[in-house]
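J.: Letter by letter, the chains look like this.
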Amino acid sequence: MKSKKAWLAQDYSKKTADLPERSYPFRTLSDIEAEPLYTGEDLADFDEANQLAYPGEYPFTRGVQTSMYRGKLWTMRQFAGFGSAEQTNERFKKLLEAGQHGLSTAFDLPTLMGYDSDHPFSQGEVGKCGVAVSSLADMELLFESINPEDVTTSMTINSPANAIWAMYLAMAENKGADLRKVGGTIQNDILKEFIAQKEYIFPPAPSVKLVIDTFEWGPRYVPKWNFISVSGYHIREAGSTAVQELAFTLADGIHYVQKALERGLDIDEFAPRISFFFNVHNDFFEEIAKFRAARRIWAKQMREVFGAKDPKSWMLRTHAQTAGVSLTAQQPLVNIARVAIQALAGVLGGTNSLHTDSYDEALALPTEEAAKIALRTQQVIAFETGVCNTIDPLAGSYYLETLTSEMERQCLAYFERIDALGGVEKAIDAGFFAHEIGDASYQQQREIDSKERIIVGVNEFVDDSPETPILLVDKEVERLQHERLARVRRERDPNAVAQALEALRKAAINDQNTMPAFLAAAHAYCTLGEQMDVLREVYGVYEEPILI
Amino acid sequence: MAERKIRVLIAKPGLDGHDRGAKVIARALRDAGMEVIYTGLRQTSEMIINAAIQEDVDAVGLSILSGAHMHYFGEVIEGLKARNAADILVFGGGIVPDQDLAKLKELGVSAVFTPGTSTQEVVEFLRNAVTERWAEQV
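Chains A and B, in that order, are what the protein sequence lines are.
According to my numbering, the residues represented by the first sequence are 598 to 1145, in order.
According to my numbering, the residues represented by the second sequence are 127 to 264, in order.
Treat the hints as calculated values from the structure; they're not laboratory data.
Check each hint, because a few of them may be wrong.
[As the list claims (entries may be wrong)] Keeping only pairs whose Cα atoms sit at most 35 Å apart, straight-line, the calculated DSBU-like set for lysine-lysine is:
{"id": "1", "chain 1": "A", "residue 1": "K691", "chain 2": "A", "residue 2": "K669"}
{"id": "2", "chain 1": "B", "residue 1": "K229", "chain 2": "A", "residue 2": "K691"}
{"id": "3", "chain 1": "A", "residue 1": "K806", "chain 2": "A", "residue 2": "K778"}
{"id": "4", "chain 1": "A", "residue 1": "K821", "chain 2": "A", "residue 2": "K897"}
{"id": "5", "chain 1": "B", "residue 1": "K229", "chain 2": "A", "residue 2": "K969"}
{"id": "6", "chain 1": "B", "residue 1": "K231", "chain 2": "A", "residue 2": "K1072"}
{"id": "7", "chain 1": "A", "residue 1": "K1048", "chain 2": "B", "residue 2": "K229"}
{"id": "8", "chain 1": "B", "residue 1": "K231", "chain 2": "A", "residue 2": "K969"}
{"id": "9", "chain 1": "A", "residue 1": "K1072", "chain 2": "A", "residue 2": "K969"}
{"id": "10", "chain 1": "A", "residue 1": "K690", "chain 2": "A", "residue 2": "K772"}
{"id": "11", "chain 1": "A", "residue 1": "K806", "chain 2": "A", "residue 2": "K906"}
{"id": "12", "chain 1": "A", "residue 1": "K806", "chain 2": "A", "residue 2": "K1023"}
{"id": "13", "chain 1": "A", "residue 1": "K856", "chain 2": "A", "residue 2": "K897"}
{"id": "14", "chain 1": "A", "residue 1": "K1072", "chain 2": "B", "residue 2": "K229"}
{"id": "15", "chain 1": "B", "residue 1": "K231", "chain 2": "A", "residue 2": "K1048"}
{"id": "16", "chain 1": "A", "residue 1": "K969", "chain 2": "A", "residue 2": "K691"}
{"id": "17", "chain 1": "A", "residue 1": "K1048", "chain 2": "A", "residue 2": "K969"}
{"id": "18", "chain 1": "B", "residue 1": "K231", "chain 2": "B", "residue 2": "K207"}
{"id": "19", "chain 1": "B", "residue 1": "K131", "chain 2": "A", "residue 2": "K1048"}
{"id": "20", "chain 1": "B", "residue 1": "K207", "chain 2": "A", "residue 2": "K1072"}
[Claimed, not checked] In silico negatives: residues of chain A with every beta carbon more than 10 Å from chain B:
{"id": "21", "residue": "L640"}
{"id": "22", "residue": "A734"}
{"id": "23", "residue": "E796"}
[To be verified] In silico contact screen, one side only, chain A against chain B (beta carbon under 10 Å); selected entries:
{"id": "24", "residue": "P717"}
{"id": "25", "residue": "K725"}
{"id": "26", "residue": "Q794"}
{"id": "27", "residue": "Y797"}
{"id": "28", "residue": "A961"}
{"id": "29", "residue": "F1029"}
{"id": "30", "residue": "Q1041"}
{"id": "31", "residue": "Q1042"}
{"id": "32", "residue": "I1052"}
Everything numeric in this text was worked out from a predicted model, so none of it was measured.
Idealized CB from N, CA, C, for every residue including glycine.
Chain B on its own, in the form it takes in the complex (with noise of 0.2 Å):
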């Protein structure tokens, strides 16, 4: 049996541009071997959440520097749990304050990577997290 392949959906939500991390981080996760779909500057939750359910994704990652982290989290979220897709796993990176990482936990955020993150260590977790939720789903 072929091995499973980890599904990730990159995205940037908002108005933010800065898309340097979010394609660094797609490059990695791709040459680390997983499908990755990155969705493009300006996308608002209701896209995202739509483009992670049609993509059948394992994990969708948001990268947000431009403060608005805790609304479009939140939103993202709660729209996966609405249409009963709370078993696709939410992470993100950006510039996020140390005060706001334990909000971000707390609805649910998996893991937030802020500057200085190795992507290495995105891989390592979205691995073990991913896998881990296969292990759940059996």
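For reference, chain A alone in the conformation it holds in the complex (with noise of 0.2 Å):
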């Protein structure tokens, strides 16, 4: 048999003479070159036993668990929040009802803040693009004949994170629920909202700080709890490459692992539950190849560079969710066959819990029936296609197994960049992570103004589509919520809740762990907004440097 070399240069080059190649971008949405053809000799250095070996084994190139999906499914997890508690109660119970197996909660934007829905900054957005919750007792309707022991919740929340957490499991108790059998997640990573999605209260140090308690004391009282969700997703949706995306996120991660390593934390009682979160976008094989590039490259540093004895604490758990920012306003239909093959990528990368995007998401939050379509398709994946028959199907792929060995050298080579500058906190003052993120998402919008990506129905095959219907959120819900904050003010006991508010400014400003206090605030129905004016007071708020 001929060489690789001697088919491209005879072979390939004389037919390609004959019929040029198309007009295409043949390359990743990272710029990562694609030949034309992969065979074995791309391969002649691959180490089978170290880069790949088995699922369930070190480094988990093919899987965290040994029988993967034939054993358990990923889990459904359609994120889902609107207006008010009541109104996110029922479409999670109609959620439940459609098979989905764990709950995801959207937060409205004062939420995400710290502030209460009554606050003057809140106007406008309570209830908008989630739900607003700003005590205990929007919590306790949030979830309303829902057993905590049963389900298990993921939360998108950051900054006040911590506030949060606490009310939920103030949610739990006051149900008579062992902690210990609470089980979920709440997203707790600040670093990306730095990075990208913007939604920071306090400066880098102390926000890690509030991180590092939950690290801290998550393990020892919620020990079923991913305390963290190192999240990938909101970077890459800020316009990041792939390779970006990934390796911003696993540095995050090993931020995280540093910093409580300092705190003197025992690194085998905490990584086992720490999770990542990351996005699936457009570009099917190098969405697959890196998921895989990522559960080696955090195995090994978890194992090599920090010693870690646990398997468990090598194991990368990721969350996926479909690429919001690839979703178009036109032919919003054809928006549901780009989910479906995002998500297909995302099974075939291996994810252990996966959320799929409503048609509709680039004209309004989902309706009811855009986010039943968006579950069902991952129900065709998981019951129809027979793609979760055999672990890791695409493994030994010539090309995949090239671009992920691609995609891990790539991120190594950031991490060096990254450390050069004195660690991810450094960084972020330094602004690398603006200037990155801005120059790849300006970089794709010139290829997609240019016409050298083509983006279905939105710059070539463009037509009039009709209009889709959408949700809208009742204008009702601020002055219900208003009401509702206001209710809690009055009867609730102001002796305990001073009480409260003052252990949490002590336990701040003598750098005590946090939780034990957010969790005795949370059960005296301090508001969201109380408690983040004594940390904004005692820890001060970050204002980022304006770059274009």
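Assemble the dimeric complex from its two separately framed chains, guided by the hints.
T.: Next comes the structure, spelled out in structure tokens:
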């Protein structure tokens, strides 16, 4: 058999001389060149034992569980939240009835930014892009007739994560649940807020301190809870490439590990409950390779760099969500196809949990119908396509393994650049991530504007699509939320509130773990805004440098 | 005489931190030869109105993805009128449902660009709309 080089030089060149290649960017979305063909020669140095191994074995390239989807499917976890706690509670129950496995909560912007619904900054935003939770009273309504021991709940909350988690746990305790049996996830990844999503309140150092409080407290009191979901999703949505998403996310994870070790925590006590969250975008093979590379890099870092002993500490368990930013407002039904293909990449990448976007999300929050189709898409992949029959079915693919190794190499090169800047917090200060992501997103937009990259229905194959019905959030929500908050303030014990807030202030000032104080504050019906105001006074607030 | 440059303020009102669109548009307008001022995140309507007047801009672009567009466009347009600065063109972009587009037009918003808009479209719109205003003012 002739060599690949000979085939390219002779056969392929001859063919393309007669029939030239199409004008198309034959490279991944991360600008990794794709060769016309991959063969066994590309894997000449491939070390199957060290780079691949078996599923459930270090370095987990093939997945973290031994039997993967033959044993247990990924968790189908659809993100939901809008309007009032009552409305979201209703949507939750419908999703559970439709066969969803776990809940995932979207909060509105005031909640994400640590403001009560009746704060002046909250005007016009209450309940708009998620549910408003200002106190334990809202949390109780949100999970009305849902048993926290039966259902795992994920909460997308970052800067105020400690307080919101404490409200959830207080709700569970009030229902008589044993916290040792309560499972779920808080996103609680503040570094990616500074890098991409920008929902920060306090400066980086005290923000990271609050995160590490959960690393210390969580495993001891709520051992089934993932107290962090280190997230690349938002980095990608902000415009990064897949390689940047991979590198910046893992660098964030490593930074938290370093900070936890500095506090004197035992790596094998906290590392098994670190979870991750990645985007699944359009570039099919690059996305699959990203998940596989992520597991391999994390395992190597945890075992070889940090010396973790427990295999659970080496495992990168991850949630995935299809790329919201890839959805188009034009011909929105076409998004169903995009989501299906992205979801398939997530599954072939071995994700442990998945959210599929609804086709109408470039227009508004999803309608019930659109949310159901999104869940059904996962069910089609799981039950009709046969892709779950065998574990990591694409392993050994000349192209996929080459791409996986190339992404690993480029990721490690980013680690070196971040280290050279003095680590993640310093790199944030230096505007490194903002520049990297800004350049990448601008380049992508220019490629779309110039039609070098085709987006179906947007810059090619354009037609007028009929109007899509969308979900509108009731304006009443803001008023009802104000009333409920007023009632909470009136009916609670003011002395208990004052004491709880004072305890929180002391914990923050004396650099103690804040979680016990947050839990007491939740039980006393302190509002989210009151708790965050205490910390705003102690820690100060962060403003980012303005960069274009 | 040197050609008069279009001055644009790109603003992020409210609590929403999704600044990808704002930054891409700011860069594209700058590359098209306009003078661009970006407010950064978490601006109140009052801050945006003040910046627009102080910077003597021809146009203000609001980027809103949180669903609070009716609220902020309304406040900024009313505020500019109240300060005798209604000649400043207000446009915007973000996740805005069709049925709100007409309402925003009624409020006096010159154009709203939803996902999928090319940056050239925004550049051309601003060139035309601002030049028209200049002609009216002469």
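J.: Are the hints correct? Go through all of them and say.
T.: Hints, verified against the model:
As the CA atoms of K691 of chain A and K669 of chain A are separated by approximately 23 Å, the hinted pair is consistent with the 35 Å bound. Between the alpha carbons of K229 of chain B and K691 of chain A the distance comes to roughly 33 Å, so the proposed pair stays at or under 35 Å and holds. The straight-line distance between the Cα atoms of K806 of chain A and K778 of chain A is roughly 26 Å, inside the 35 Å bound, and the hint therefore holds. Among the hinted pairs, K821 of chain A with K897 of chain A is consistent with the structure: their alpha-carbon atoms are about 24 Å apart, no more than 35 Å.
Between K229 of chain B and K969 of chain A, the direct Cα distance comes to roughly 30 Å. Compliance with the 35 Å bound is thereby established for this hinted pair. Proximity of K231 of chain B to K1072 of chain A is assessed by CA-CA distance (about 21 Å); at most 35 Å being required, the pair is judged to hold. Simply put, K1048 of chain A and K229 of chain B have alpha-carbon atoms about 32 Å apart, close enough for the 35 Å limit, and the pair holds. As the CA atoms of K231 of chain B and K969 of chain A are separated by approximately 33 Å, the hinted pair is consistent with the 35 Å bound.
Simply put, K1072 of chain A and K969 of chain A have alpha-carbon atoms about 25 Å apart, close enough for the 35 Å limit, and the pair holds. Taken as a hint, the K690 of chain A and K772 of chain A pair is honoured in the structure, with Cα atoms around 18 Å apart against an allowance of 35 Å. Restraint check for K806 of chain A and K906 of chain A: satisfied, since their Cα atoms lie roughly 25 Å apart, inside the 35 Å limit. Between K806 of chain A and K1023 of chain A the alpha-carbon distance is near 16 Å, which keeps this suggested pair within the 35 Å criterion.
Simply put, K856 of chain A and K897 of chain A have alpha-carbon atoms about 19 Å apart, close enough for the 35 Å limit, and the pair holds. For a cut-off of 35 Å, the pair hint linking K1072 of chain A to K229 of chain B stands: about 16 Å separates their Cα positions. Distance check on the hinted pair: K231 of chain B and K1048 of chain A sit about 30 Å apart at the alpha-carbon level, within 35 Å; holds. With a C-alpha separation of about 9 Å, the suggested pairing of K969 of chain A with K691 of chain A holds against the 35 Å cut-off.
At roughly 33 Å between alpha-carbon atoms, K1048 of chain A and K969 of chain A fall within 35 Å of each other, so this suggested pair holds. Between the alpha carbons of K231 of chain B and K207 of chain B the distance comes to roughly 16 Å, so the proposed pair stays at or under 35 Å and holds. With a CA separation close to 28 Å, the supplied pair K131 of chain B and K1048 of chain A stays within the 35 Å bound. In summary, the hint linking K207 of chain B to K1072 of chain A is supported, as the alpha carbons are separated by about 26 Å, within the 35 Å threshold.
Taking the minimum C-beta to C-beta distance to chain B, about 37 Å, the non-interface status of L640 of chain A holds against the 10 Å cut. Separation of A734 of chain A from chain B is adequate, the least Cβ-Cβ distance of about 22 Å exceeding the 10 Å criterion. Annotated as non-interface, E796 of chain A brings its C-beta within 10 Å of a C-beta of chain B; the closest such distance is 5 Å. Interface restraint check: P717 of chain A against chain B, minimum CB-CB distance 9 Å, threshold 10 Å, status holds.
Hint status for K725 of chain A: holds, given a least beta-carbon distance of 4 Å to chain B, under 10 Å. Because the closest C-beta pair between Q794 of chain A and chain B is about 6 Å apart, less than 10 Å, the hint holds. Hint status for Y797 of chain A relative to chain B: holds, with the closest Cβ pair at about 8 Å, below 10 Å. For A961 of chain A, the suggested interface contact is upheld, since its CB lies about 5 Å from the closest CB of chain B, less than 10 Å.
Because the closest C-beta pair between F1029 of chain A and chain B is about 15 Å apart, greater than 10 Å, the hint is violated. Proximity of Q1041 of chain A to chain B holds as hinted, the smallest CB-CB distance being about 9 Å (cut-off 10 Å). Given hint, Q1042 of chain A at the interface with chain B, holds; its Cβ is 5 Å from that chain's nearest Cβ, closer than 10 Å. With a least beta-carbon distance of about 7 Å to chain B, the hint placing I1052 of chain A at the interface is held under the 10 Å criterion.
Checked against the numbered hints above, the structure violates hints 23, 29; every other hint is satisfied.
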